[in-house]
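**Q** For reference, the chains in residue letters:
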Amino acid sequence: MSEHTSATTATGINMYDVRPTTEVPAESPLAWSYHHTGHPGVSQRSRVVIRERAMLGHVVLRGGAIVLDEAVRQVLGFGLPARPNTLNQDPSGERSAQWLSPDEWLVIVPGGEEFSLEAKLREALGDAHYAIVNVSGGQTLLELEGEAATELLMKSTPYDVHPAGFPVGKGVTTVFAKSNLILRRPAEDRWELVLRRSFADYLYRWLLDAGQEYAIGVDD
Amino acid sequence: MQRYSGFGLAKHALSHHENWERQWRNPTPKKQYDVVIVGGGGHGLATAYYLAKEHGITNVAVVEKGWLGGGNTARNTTIVRSNYLWDESAALYEHSMKLWEGLSQDLNYNVMFSQRGVMNLAHTLQDMRDVQRRVNANRLNGIDSEVLTPEQIQAIVPVMDCSKNARYPILGASWQPRAGVARHDAVAWGFARAADALGVDILQNTEVTGFKIRDGRIYGVHTNRGDIEAKTVGCVAAGNSGVLAKMAGFRLPLESHPLQALVSEPLKPVLDTVVMSNHVHGYISQTDKGDLVIGAGIDGYNGYGQRGSYPTVEHTLQAVIEMFPIFSRVRMNRQWGGIVDTCPDACPILSATPVKGLYFNCGWGTGGFKATPGSGHVFAWTLAKNQAHPIAAPFSINRFHTGALVDEHGAAGVAH
Amino acid sequence: MLHIYCPYCEELREEEEFHPKGQAHITRPADPDACSDEEWGDYLFFRDNPRGIHHEMWVHAIGCRKFFNVTRNTVTYEILETYPMGEQPRFTAEYPEGKPADQLNDAQQEPSRQEGVHV
Amino acid sequence: MSQSLKQPNRVREGGRIDRAQTLSFTFNGKQYQGHAGDTLASALLANGVNIVNRSFKYSRPRGIVAAGAEEPNALVQLGSTEAAQVPNVRATQQALFDGLVARSTNGWPNVQRDVMSLVGKLGGQFMPPGFYYKTFMAPASMWMTYEKVIRKGAGLGRSPMERDPDHYDHLNQHCDLLVVGAGPAGLSAALTAARSGARVILCDEQEEMGGSLLDSREQLDGQPAHHWVEGVVSELAQMANVTLLPRTTANGYHDHHFVTLHERRTEHLGETAPLTDGQRPSRSRMHRVRAGQVLLATGAHERPLVYGNNDVPGNMTAGAVSTYIRRYGVVPGNKLVLSTTNDYAYRAALDWLDAGREVVAIVDARKAPEGDLVEQARVRGVRIIEGAAVLEAKGSDRVTGARVATIDAETFKVTGSSDTLSCDTIASSGGYSPAIHLASHTGARPTWNDEILGFVPSLVKGVHAAGSVRGFHQLADGLANGCSAAAEALSALGFAATPVELPQVNTYRQGAACALYQVPHEKPTLRGPKQFVDMQNDVTAAAIELATREGFESIEHVKRYTAMGFGTDQGKLGNINGMAIAARCLGKTIPEVGTTVFRPNYTPVTFGAIVGRHCRDLFDPERYTAMHQWHVEQGAEFEDVGQWKRPWYFPRTVNGKTESMHDAVARECLAVRQGVGILDASTLGKIDIQGPDAREFLGRVYTNKWAKLAPGRVRYGLMCKDDGMLMDDGTTSCLGENHFLMTTTTGGAAGVMEWLELWHQTEWPDLQVYFNSVTDHWATITVTGPEARKLLAEITDIDLDRETFKFMDWREGTVADVPARVFRISFTGELSFEINVQANYALHVWKTLFAHGEKYDLTPYGTETMHVLRAEKGLIIAGQETDGSVTPEDLGMQWAVGYDKPFPWIGKRALTRSDTRRVDRKQMVGLMPKDPSVVLEEGAQIVFDPDHAIPMPMVGHVTSSYYSPILESGFALAVIKGGHQRMGEIVYLPMVDGKTHAAEIVSPVFYDPKGERQHV
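Residue numbers (the numbering used here), protein chains in the order written: chain A, 1 to 220; chain B, 1 to 416; chain C, 1 to 119; chain D, 1 to 1016.
These are calculated hints, taken from the structure and not from any lab test. By construction, the Cβ of each residue, glycine as well, lies at the ideal position given by its N, Cα and C atoms. Treat the hints with care, as some may be off.
[Claimed, not checked] When the alpha-carbon atoms are kept at most 25 Å apart in a straight line, the in silico BS3-like pairs for lysine-lysine are as follows:
no., chain 1, residue 1, chain 2, residue 2
1, B, K246, C, K99
2, C, K21, A, K178
3, D, K873, D, K705
4, D, K30, B, K268
[As the list claims (entries may be wrong)] Computed list of chain B residues with no C-beta within reach of chain C, every gap over 10 Å:
no., residue
5, M1
6, Q105
7, A197
8, G226
9, N240
10, K246
11, S396
[Claimed, not checked] What follows is a list of derived Cβ distance ranges for each label pair:
no., chain 1, residue 1, chain 2, residue 2, range
12, B, T209, D, G642, 46 to 56 Å
13, B, F250, D, A707, 37 to 47 Å
14, B, M1, D, K152, 27 to 37 Å
15, B, M1, D, R445, 44 to 54 Å
16, D, M991, C, G86, 55 to 65 Å
17, D, R445, B, G249, 29 to 39 Å
18, C, Q88, A, T22, 57 to 67 Å
19, B, N386, D, A140, 33 to 43 Å
20, B, G56, C, Q88, 22 to 32 Å
21, B, N398, D, E763, 44 to 54 Å
22, D, S24, A, G41, 40 to 50 Å
23, A, R45, D, N506, 45 to 55 Å
24, D, G642, B, F7, 58 to 68 Å
25, B, N398, D, F903, 44 to 54 Å
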């Protein structure tokens, strides 16, 4: 990791590693929810299980697809998804890049990698016109599994989550209850929900309420 | 005109109701009228009535492409109030309110104007500031208006959730006791019958297909039943105003949007007043027949389809259940949509136009029904004198060029 | 509830993801100071309000956040096409069945403009 | 055996009820028994209950007329407890469950002996349609009293007065083909589509699928009809691409094939959803279906004939008679007279005979009826009276006879002498009206078809119809039509249809039906006995005739004047009859009188089901900051700002006594002015802006200048719309030459973000810049007050020296070991530091500040104190000082307007319009009440002359007003006409309580006017 935690690039951009270098207690956006609403355990009867993957590195890339794709390929070893609303991952599934709009991608990497990712990308991109923004503090990721996961999603989003409309490798930003989130399907039996921090509690309560009839459990 | 009364009703009962007269004629269009009103809704019919009654101008035709009172008059949630923020709109709606108060007797037609009070709820501190601002302004304008505490609200509407645990607890409300509801169809019919009795020709199923304009002056209209000449033409066509303006060669600062409403099945009396909430966005009252009438929001896109989007209905009922959790098992019977012509400042246009002799009365948005008599009254004056009535003057099209908007969106942005 | 084809996401999405943003192709005058009050008022407030074919701007607010144009019939609510900002419609009040091929540019001839368009 | 004694009208065998399962229920306080498979209506008929309700207007006794959604009379109040009450439940659609409790909705003291019926009988003559428009006008003051009485008598059932114990939910569905209705056409269509591989949803409103096949006399492949139904349904149930939804009504057809299906999940099980496996399922569920294509197989509703006293209990539709006998094993009487215009209704007489009861006569309006069913009746010896109709029913609480005569339908005359037949049941059939409701929701106007004597649906693209809804009433036609309509839909979807082998069915020879709606009577309609058209709203043929006489010529006028079709059945039985009567009176044809328009819902739906889970705690999202838990634990009171919950103030509790808001705010204010306070400012919108043209872009969207703002510096900016009115404000920091961080108001965040994108995407796509929301990423902690530097210095590595870290600078460094950006901006007028840290670490930073802040008495404050402090400094809040009609100049903020910027920035041009140049515009000023103990009311209106009569000319209003503990006085911000030129003048504020306050116009900066304190 770079020694410098802050730098101004030649392109006039301030780059800042906002992760502490010492042990500092961190709280995920769902900390309050676990404390206040609690987390029902996973049981034999649980037909849906949710699991938070907190403290990941979330980075938004903006720019032209061709330019960014090459840099991402260089840095992450895989390219940006070419098709709208799709997702690319590395073989481990730890790193992913998702199409959000024609000039916008969400890259998720293991927590702590986000700053070096930004630094390396900026180095690779030179003085092209693009933007890289760290949003790791602003969102968290929930995994959703279980036989009733699809039905739970049907209660929550107007987007078609049937395999015909939502194959593995797809990811969309869409309406969810009375909020919105990013919904992705990295594997046949696993969904991912990327929640915004300030809405996380509402969405969590929604999921528990809608999942009650499936004996939803929270895996911690 | 056959006078209506309880005694008359009894008399007609003895003759098996065989001797009731037509409420209005079905005349053949004449070639020429002094004034042609385009649009046979409440406002158009009221305009014709007051032209005849107050200005003695009886050679008037009301040209209606469908059936009279068949547009927004037939599709609204019938709320009547005058507690508007700005002086200009307050004057207009209060003028109307005063006419409402004697309307049944004036028209000899019971429009069932029920002054059961209207309350506008406040759910946030800013809502409360707005309520206080409006109530203070109303009082200084001579309009009955009060601020209610949650306790007072609960006493008036015992079935509403006024508790603190609501998502957006009710902090207070504005309250206009003289406000209320009326029977919408009866308003159109009452004006039609009274206007007809004074000699006005109501031409239903007559559609204006163009204007006769020469040298920047109007001298008549083309219709599907032939040409009609008139030196003064007033367009009172609500959602269709934009289409008419285009025929006359100019544009208006208007967009026509779907506005939806719905009713429950009839219930025994449960709600004795009108409750409106801008914040959670829903408004509700109960008709004399027992239906809960619920106003839904306006859809954001232009639409002449007399229907809107389903999520609008969902959001409205969510708001209603937030306010009245006990209605959860009550059932929605029917929904429908009107076409409302909305202005950028949520105020109407009562104005001369680039075409001499051609006037427009439109842009009432969601608030037209309550203005029916007042709008007709000042518009008739304007047409009769070829000059804006003082109350109508601030509502000229011109304001969109000078910037002198009367912005009711702002602090008093209470629609409907 | 409308079903709208987002030309950037290249698929039909529910109306709940979009916001209508008024009439399309309203361009801000290049030199506002040269405008009369009347011209400026026209730009700010005066709109076509047709009964029938209308060009309007929408934004895919809960989605790709891109603005785009929609040609829609305001009576039937039928959507005839959606197309990106900066392009011109193929369906107009003058050509309700679509402009003849010789009046179209390459982008307008792409099938994606109408693909999945709902009727 | 004993069962049948208790249920006198129950036949021994047959039907789809389970006689082994006896269910008890209570109706109007009396216990009855029925069986599993019954509806409440069939169980009532089995028990011989004649009167189920009283009518709306005339309070006449009413019985069950129909067997489905078209039933107008049998509306009951369901529920044994207050919370479980459901008003207006249609007994024909309510499955019987054990313990069901129901009451008639009208009738006092009870439905048998009703007092109002006397009023109805005597007063009926005085209540023609629209009678209330013609009376109750004098004296004017009495209307509210009359109205109270009218309202009492109106309404049907009543609302529950307690919260609903159940919940509801939604399921968003997508399919290639939605098939509505699982009768013969729907089933054959669904099977075709399913076998072709399409995603299919098949829904049906009834308790089980099969539609007319459930009570059909016909055989399919030589088997009873339900065998075929069971085969098809079980095949469909096993297919992964098919969703079967029984008990599910398609209630609304919205744009682009969005259809709402209301599934009653538990209403057949109990009055509240029963616990299953420890979980309570939703009582009902709304399926929000987006379909590729839709196939309507919704069938048809039989029209009763309109004759005298046709509402007396014992009058029914012919089809209902068949349904009760064949499906529910109930014969609703002993002696039947059938009055018909068509062959199909003969089924009722044959079914009646099969049930072993007497058919007195079939009265057929046709002169020479012929057809297979007619033959069957003849063969079985039934008396058929040709060219005749029932003119009038006899009896009051139950039919005792039918007066029959020959008629001429064309000339609307009775042609022969009448004969009264003794009977207790009159079944009638005037033909079949296709159930076109859903097709009509799409806005497509139906068209009249003279051949089938009904309206058939017009279909917009993507909608298909099959079976009776298109007028194909014959079983064989319906089955075949289902397949071919499905094939059409499949081809539109790009599927190749897999052909389905249809079962063998008999084709009957059918005689043509004749057109008869209202039956003529010897007396003119206005003088004869009441002939009901819309029973629920008590609309008679006479009412329609009267309406047309009074000039109501459009069918829409007729409907509105008489209330026809406005009931909860939306006129399913009566509308066509009503149109026919209006047409007769006006001398027009039915299509000339108008068409018929239906609106959602097809049948009423509980609000709860439409609301789903979006109620109670989930009504609207609550947004929280990273410090929310801390605020809650400190006992903060919260203010709703947009969807955010923000601490409003932090009342302290000492010795069990909690501070008042006034005291808490005063304490918080003084802490900031004299020590140090801390605010959670995380809700401010934050937008990261990068790109070589970022600076140029800022210059175009803000009113002020951005060309020279150096990295490390911060500037306040105003944002206007192009009408020149202020829309939002905030600070923007220059993070790098081409990198900025913009802040917005809490409520304006989403709007500003979209605003920037709008201008970038539509007007200036050439500018190289990107915007990204980082509102949630950064938490913002404001430390403010004279002691702020000392406190912060303890836990930061940033040099806080006033010379190197100046007001309106920002710096990077750690705070409590967390990398932070610290901004020296001030919304309080005091020395302030706004600390931005990645939100996951914010609570740690917050708590560390408190750990070090104890010695400075670090005081948390909320939005109220923030408002007081900023107002003391004359700082505006967009949305409070402004309301969309206020320009930067009105606010006296010309210093933030770059008049000479090269690009004509947004809002500039509008500032020179004639109205924006007026000198008497309302301008922002300060107000000092003459009495310092007075806190003016926010929203108080301002006048120059307090003695002016009402209406009083108002010149402005108070936008913000507080008590200032530091000034020891009330103070306010206000907008006043020409206020900037009126400093020192006295204005007046007349209040609701009759008091008038006086106040002096002063500068809006009340505290530290030179702004020294924020620079220390």
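**Q** Taking the earlier hints as the rules, which of them does this structure contradict?
**A** 9, 10, 15, 20, 21, 25
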